[in-house]
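Undergrad: Given chain C, put chain A in place with the hints provided.
So the sequences go chain by chain: C and A.
If you count by our numbering, then the first sequence holds residues 1 to 390, one letter each, in order.
If you count by our numbering, then the second sequence holds residues 1001 to 1390, one letter each, in order.
Think of the hints as simulated: they come from the structure by calculation, not from any bench.
All values reported here derive from a predicted model rather than from experimental measurement.
Do not take every clue at face value.
So these bits of chain A aren't anywhere near chain C, every CB distance computed over 10 Å [said to hold, decoys possible]: (1) Tyr1081; (2) Phe1253; (3) Pro1261; (4) Ala1277; (5) Thr1307.
The following label-pair restraints were derived from C-beta to C-beta distances [said to hold, decoys possible]: (6) Lys18/C with Ser1288/A: 38 to 46 Å; (7) Ala1295/A with Lys64/C: 29 to 37 Å; (8) Gln1044/A with Asn137/C: 24 to 32 Å; (9) Ala80/C with Trp1329/A: 24 to 32 Å; (10) Ser288/C with Gln1044/A: 54 to 62 Å; (11) Gln1044/A with Lys18/C: 33 to 41 Å.
C-beta atoms are modelled at their ideal positions from N, C-alpha and C, and glycine is treated no differently.
Here is how the chains run, residue by residue.
Number of protein chains: 2
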Amino acid sequence: MPASPIRKLVPYAEQAKKKGIKVYHLNIGQPDIEMPKEAIEAIQNLNLNILEYSHSAGNESYRKKLAEYYQDYGIQLDPAYNILVTTGGSEAITIALMSCMDPGDEIIVPEPLYANYNGFAIASDVIVKPITSGIENGFALPGIVAFEKLITPKTKAILICNPNNPTGYLYSKTELEALRDLALKHDLFIIADEVYRDFVYDGKEHISLLNIAGLEKHAIVIDSVSKRFSMCGARIGTLISYNKEFMLIALKFAQARLSPPSLGQLVAESALRADDAYFNEVNREYLSRRNLMVALLNQIDGVYCPTPGGAFYTIARLPIDDCDKFCQWLLESFSYHNETVMLAPATGFYSTKGLGKNEVRIAYVLNQTDPDSCYKMHSGSLEGLSGKTN
Amino acid sequence: MPASPIRKLVPYAEQAKKKGIKVYHLNIGQPDIEMPKEAIEAIQNLNLNILEYSHSAGNESYRKKLAEYYQDYGIQLDPAYNILVTTGGSEAITIALMSCMDPGDEIIVPEPLYANYNGFAIASDVIVKPITSGIENGFALPGIVAFEKLITPKTKAILICNPNNPTGYLYSKTELEALRDLALKHDLFIIADEVYRDFVYDGKEHISLLNIAGLEKHAIVIDSVSKRFSMCGARIGTLISYNKEFMLIALKFAQARLSPPSLGQLVAESALRADDAYFNEVNREYLSRRNLMVALLNQIDGVYCPTPGGAFYTIARLPIDDCDKFCQWLLESFSYHNETVMLAPATGFYSTKGLGKNEVRIAYVLNQTDPDSCYKMHSGSLEGLSGKTN
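The following block holds chain C by itself, in its conformation from the complex:
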């Protein structure tokens, strides 16, 4: 695996910090939002004398609560057969790839794409076939004809991220139904990474792949508490499918690695009790960050930033010809009031060589007034980050 464009920038960020320049990390999806109070309290109340393995598919009580959570979205899941708790969304994707594909098989993924998909594909020995989406129409799903051109006898699956990381694009029901028809025609799995499902704006609605009729055998959904509840470090994800044959294979991979983390599961189960008020405030906060970012970026001559419908990322086009050099320059040579930003060169999100050179990904994960601090959801009740996680 080649080093990613972001990782190549890390030494420059460290140098900038050594020079006393404050670097704001807009290059990574590590939200500064507090966890729901239910999760914070669950951590404070943990009391165990032995940390036992959980069930390989995850604690039964947590799977039951997850089934209730999805029920609120009109999705009926059997916690005994349709839900597998994983070590983050990362493991959910890896297990999904290994369970529905053989070594050498191909998976079609719209690009720009979440760069780690390449790593999971290498680990699973499957080949990513990118299909390019364009900034000019906000990174909408490429036409089905373009997909069909890529299909070979080795093609086993299509992978989408919805809402999308890195583009923030929210797929429409029409787009998902077009993918459904394609998958059924060619008997392909569709893997939908829906870890940003709760971050949608402008009154739009997230349509889960599980809400699309006719995909019972073909739909695989990846989920995680990492972004939803600001619990990236819990490493608790979910793999969901109605396809029992697929889930039984997935369970075998899950059994081989014994169990997902016990402490993270306990906290995640409590976090599921978070009420609408939490998400409403989180979404209000992200919406306001997004609006500020999109408005200010588009005021700059030669800059174009589409308005992302979900998640907390955008891909913006800049008047530059080499985003890797530009992002390095921001760290190495630029500062304003002794501050600068670290952005992600978009080249890292394209599998097709040469694309994305005039684009960057910006994660709007820092708050507007005091981007150096944790954004407090429950003012007065908390003392800020203990710093223990780093």
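TA: Relative to chain C, chain A alone:
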């Protein structure tokens, strides 16, 4: 992957429980020993508002403490280059296999072997070549000639578990040096799973592969806090090597999955402060369980149980011709004072078909006086298991 012999027994264990029969689980290495008080207190004192990703290689502070821990064993490690924190020993093995082998490569493993090695090998698309060790000499390392017969151009590594699960065998320095000479002769990696390193008895000493001179390029060590500190559910393991090229590849796989669990790392770091008194008491307890088990088993006509030098397992030979049926019978038809035991059929630990039919693995993980309860290390100070992990 076929269902393991243990998993096939699960429905029978459930039926026995439904009939009101108490089933003692000697089939799984889930210790009933309490964590060190440092870990218990660390869990009680957790207080975080955001659960952030850790460094992909694990928290720097934890890696530094790990380096200090290994220093006590005469092993000098650089926390920046030689140590990678993983999601349990399971992930350490998977990353190790993916980082030093290509799809289709072969790895030689003495059998009986930890059954999940087969799962990790399938996930990594490598082929396990078993080499049989025998109960008559306590499952000592097979002769080097036998190893050489198995070596092909596809052979890239040898995997040992020391002390061994499932046999409890503790490899001698002479055996490790013979493996070293073989590895250097054929340029093979040796992967040593040393997760039971702290459980050795009868005044014997565990020799780490890292203590064997000349293996700087070839030694890979797997470690974990799961058994050492009764923290199986923390999912915190370690991958160690002096081979920087190998570690850089391993780090890339680690970066793809983002980070190991944050909460588990915090607790594991505290657990490292446990003093010798903790391990002395734990070892005294296991030694006494082992002695009772070995003595009583060998009193039975036709039963032979070698004396394991480490870990908390033994493979015993019984006067039976089908251990799968026997273990099922123990659950289905046998009870004594309304109690029975669940054992692991040894067939699950052999890759060579037909072997192990008159053997079982017994984990001596339950205490002798009240095997139904948690074994308390610090009497009076604790209230027993909260049960929250299940």
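Undergrad: Need the list of violated hint numbers for this structure, in ascending order.
TA: Numbers 2, 3, 6, 7, 8, 10, in rising order.
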